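Q: Build the full structure now, drawing on both the sequences and the hints.
Each residue of the sequence shown is one higher than the last, beginning at 428 in our numbering.
Derived from the structure by calculation, the hints contain no laboratory data.
It is possible that some hints are incorrect.
DMTMM-like mimics (lysine to aspartate or glutamate), calculated; alpha carbons at most 20 Å apart, straight line [what the hints assert, rightly or not]:
#	residue 1	residue 2
1	K466	D512
2	K592	E616
3	K571	E616
4	K626	E616
5	K489	E576
6	K600	E576
7	K494	D512
8	K613	D512
9	K533	D512
10	K580	E604
11	K476	E617
12	K594	E575
13	K466	E617
14	K580	D597
15	K489	D451
16	K511	D448
17	K494	D451
18	K571	E604
19	K620	E583
20	K641	E604
21	K517	D597
All figures in this text were calculated on a predicted structure; none of them were measured in a lab.
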Amino acid sequence: MENNVGWVRLHRKLLDNPIFDKADYLRIWLYILLNVNHKDKSFIWNNQKITINRGSGIFSQKKISEKLGISLGTVNRVLNYFEKDAQIGKQTTNKYTVITVINWNKYQANGKQIENRLKTNGKQIETNNNDKNEKNDNKYTEAKLSLEEVAQKINEAFNIYLGRKFKGIDSFKNNLEYWLGTYQPKEIEEAIKNIKYDKFWRDKMTPTILFRRKNPQGEPVDYISQLLIKENDGYPR
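A: Here is the structure:
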């Protein structure tokens, strides 16, 4: 479903991105930005509740191809490029593809923050302060927890939900800080809850692995996104 109401923010960094000079890449990127969820949404699929988080959306490569008039092969190639460049996370089923914009929360401010920056007559204020807007992002929630405090809570969540005894945070703290630019701590906790329902990861996952940015083959990964996507594979509803 396309989101035809509202707007998204474009950072000036896009001008320096190689995709800016490649029309198909840029059009597909903008199409993704304009169609991912601006808030968490749930729906029923095969009598199961599916939740798609903010910054993620359900896409059909065929529909992208038809909508933009770009060949299906090009769409597939561009999406693979975005994934390898760590711009998106992509989870494909035999029915649909869930795409997650990796840095959505970093560049898309909360709607209420934006509304507070507008005058009642609809004229935008501080139009030349785009760079300052990023400072409004609170990576560690309203409680203003430090990175160390969030990391400790991550260990606690692993120990509670998986029955482990993790203690140290040094092995994953830096990568955790990176992912906090995309996910809120409560979303990460939700991902940790789902680990025990994942047949592959339930006996293998550790905090260090969860926050990896690349797999052993050097390819970009987003394990948090994978665990947040509740498909019909035994996850609790």
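Q: Would the pair K594 and E575 pass a check requiring their Cα atoms to be no farther apart than 20 Å?
A: OK: K594 and E575 at ~12 Å, within 20 Å.
Q: Going straight from one Cα to the other, do K641 and E604 come out at no more than 20 Å?
A: holds (15 Å)
Q: Given the hinted pair K592 and E616, is their Cα-Cα distance within 20 Å?
A: With Cα atoms ~16 Å apart, K592 and E616 stay inside 20 Å; holds.
Q: Can the restraint linking K511 and D448 be considered satisfied, given a maximum Cα separation of 20 Å?
A: Measuring from Cα to Cα gives roughly 19 Å; hence the hint holds.
Q: K533 and D512 were given as a pair; does the straight-line alpha-carbon distance stay at or below 20 Å?
A: holds (17 Å)
Q: Straight-line Cα separation of K626 and E616 no greater than 20 Å?
A: Roughly 18 Å between the alpha carbons, so the hint for K626 and E616 holds.
Q: Is it true that the CA of K571 sits at most 20 Å from the CA of E616?
A: holds (17 Å)
Q: Quick one, are K489 and E576 close enough, alpha carbons at most 20 Å?
A: violated (44 Å)
Q: Are the Cα atoms of K571 and E604 separated by 20 Å or less?
A: holds (14 Å)
Q: Does the alpha-carbon distance linking K517 and D597 stay inside the 20 Å limit?
A: It is violated: about 28 Å lies between the C-alpha atoms, which goes past 20 Å.
Q: Quick one, are K466 and E617 close enough, alpha carbons at most 20 Å?
A: holds (16 Å)
Q: Given the hint that K476 pairs with E617, does the C-alpha gap stay at or below 20 Å?
A: Roughly 15 Å between the alpha carbons, so the hint for K476 and E617 holds.
In this structure, the earlier hints numbered 1, 5, 7, 8 and 21 are contradicted, and the remaining ones agree with it.
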